[in-house]
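**Student:** For the sequence shown, counting from 1, position 43 maps to 43 in the numbering used here; every step adds exactly one.
Check before you lean on any hint, since a few could be wrong.
Label pairs and their calculated CB-CB ranges [stated by the list, open to error]:
1. ASP133 / PRO43: 50 to 60 Å
2. ALA178 / GLU94: 44 to 54 Å
3. TYR59 / ASN11: 44 to 54 Å
4. GLN166 / ASN122: 36 to 46 Å
5. TRP276 / GLU56: 47 to 57 Å
6. LEU35 / ALA167: 12 to 22 Å
Straight-line Cα separation of at most 30 Å, DSS-like style, residue types lysine-lysine; simulated pairs [to be verified]:
7. LYS248 / LYS193
8. LYS102 / LYS150
9. LYS234 / LYS95
10. LYS150 / LYS248
11. LYS280 / LYS65
12. LYS102 / LYS20
13. LYS95 / LYS150
The hints are simulated quantities; they were obtained by calculation from the structure and are not laboratory data.
Note that beta-carbon positions come from the ideal geometry of N, C-alpha and C, so glycine has one too.
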Amino acid sequence: MRIGVLRGRENSFPDAFIGKVNSMGRGVFAEQIQLGGTKLNEPVPYRVVLDRMGHEVPYYSVYLKMAALQGTYAINNTFWRNADDKFFGYAIAEKLGIAEPKTVVLPNFQYVDDVNELSLRNLWPIDFAMYADYVGFPCFMKPAFGGGWKDVNKCENIDDIMRHYQASGQKTMMLQAAVTWDIYIRIPTIGRKHVRAIRYDPAPGGMGGYNQDYDAIPSRIRDEAEELSLRFNKALGYDMNAIELAYKDGRYYGIDLTNYTPDLDYRSLKDAHFPWAVEKMAEFAVEKALSGEGTPEPPTAANLMVR
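Could you build the full structure based on these sequences and the hints that come with them?
**Tutor:** So, in structure tokens, the structure goes:
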């Protein structure tokens, strides 16, 4: 019985995951998948696939959809990846009782070549002044699709908003009110049951840093943050995610909530947290391989409305 790994440039997490699975003695073997074209309904030899690259290589997603028809369990569920936009994540979070900063999603600045004025007859001109007044200054302009704090820019005035919007190209952008916090928390969550709330130092434009002391967050706040992450991921159907919450005056604000392929690299998690991520992912993947489960159905509207 085999587990396959789709990977990109990262080395530490895929290598450690494969090594851990193969050392568990459960009759399950993990390896890197090698593909070079796929015949229609060609047999897929993997019971489970850990997808670390399908978000950037469309061919992998096409392969995984066919694999799902054959009963392969994908981590994460490829059919649910279109939910990986931040605005949708904020909408779900509010339904689940997580506070959200005032947020506006904007029409794109540019479109593919064959989109013209007739194609955009449903759109009014954007009232930037109204939306700036709604979110207030300072605010952030950030992509609706993305991660790693890429293209996140602080705006102090309307000129900043216009400058960053006009530089956004075909990306779908959002305006979001700035939130101050007492504690910033990043919460890797695996299998909708393994969760670890870690104090985090966000760094717009670059890599943030995980505090190496798991007890750096007071236990009550840590427990509540972990429970919120479990509720969110159970509703969304993500088996692999890392949400970010800002804690201020007893409230948890969802800042980044949908990360289809969260950063699990050793350089980020380091010694305090990397072994946990590897162990829990290996345990979960082997559990699913032995269970015989296929890729689960996407969550329903009823799931998403549960508080």
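**Student:** For this structure, which hints from the list above don't hold up?
**Tutor:** 2, 3, 4, 5, 6, 12
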